[in-house]
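Residue numbers (this note's numbering), protein chains in the order written: chain B, 1 to 134; chain X, 1 to 134.
Derived by calculation from the structure, the hints in this document are not laboratory data.
No false leads were slipped in.
Over the 10 Å line for every Cβ pair with chain X, so calculated as not near, a few chain B residues:
no. : residue
1   : L36
2   : T42
3   : A61
Computed spacing ranges between beta-carbons, pair by pair:
no. : chain 1 : residue 1 : chain 2 : residue 2 : range
4   : B       : P37       : X       : A95       : 36 to 42 Å
5   : B       : G24       : X       : A23       : 36 to 42 Å
6   : B       : G60       : X       : P33       : 44 to 50 Å
7   : B       : G24       : X       : P13       : 32 to 38 Å
8   : X       : R29       : B       : T106      : 28 to 34 Å
9   : B       : G96       : X       : R100      : 44 to 50 Å
10  : B       : L102      : X       : A23       : 20 to 26 Å
11  : B       : V32       : X       : G62       : 43 to 49 Å
12  : X       : A134      : B       : G24       : 20 to 26 Å
13  : X       : P73       : B       : P33       : 33 to 39 Å
14  : X       : P37       : B       : D35       : 47 to 53 Å
Positions of the beta carbon are idealized from the N, C-alpha and C atoms, including for glycine.
Protein chains: 2
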Amino acid sequence: MIGRLNHIAIAVPDLAAAAARYAGPLGARVGVPQDLPEHGVTVIFVDLPNTRVELLHPLGAGSPIAGFLQRNPNGGIHHVCYEVDDIHAARDRLAGEGARILGDGTPRIGAHGKPVLFLHPGDFDGTLIELEQA
Amino acid sequence: MIGRLNHIAIAVPDLAAAAARYAGPLGARVGVPQDLPEHGVTVIFVDLPNTRVELLHPLGAGSPIAGFLQRNPNGGIHHVCYEVDDIHAARDRLAGEGARILGDGTPRIGAHGKPVLFLHPGDFDGTLIELEQA
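Just chain B, same shape as in the assembly (with noise of 0.2 Å):
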């Protein structure tokens, strides 16, 4: 069912900072950064030859990775997003298998606009896991 891997997300404290790094040391192909005050965070997208690395930091009150950069100051590696043909489907067969989807189930319009779910880490090996409808 899962696909490509769509992209890891890193959650960092210093957004310029980060950027830099992967520009500099590690010389990665680096983007803009982009506000998307909807899911409460900036992202800047590193561009690998096979997938992509999302760097990501809180933007306004509320944001869903501030927990995370607070029990991890320093940063780290937030989630992983797979594709799926059918996000639908997904859900349906993941639910019947007994995994726990967050929020109420109804996939959302993630940052790239398409639909999006994410799976409770307690149930995958403490890594949390975003679906992507491809």
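Given chain B, put chain X in place with the hints provided.
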């Protein structure tokens, strides 16, 4: 400098259960367990169309992931691995920019039979980065 994302490594407390989750609810192509005693881990690869997930479980005494699982008993994302063309050139570039290389800075042969290095997570937003010569 960094190229493809070679893999994401997830440390798991129960390798068979983790593999069953990726093969079952997530519907991915999951390999068979491989003991790597010289690395202190047993691994199972999950093949995605564009990269791999490496499920890691401690093998033997003194496994390099034992401490991580003690701190994260449910498991968690342990590291990400980026490919580089020349591991020595990568090391020199990173060290020259002040990044700390783990160990004595000498590339060793990694789990895939290729030279690897690990970068200190304190220099990369709490992310343990492995570099593998492709």
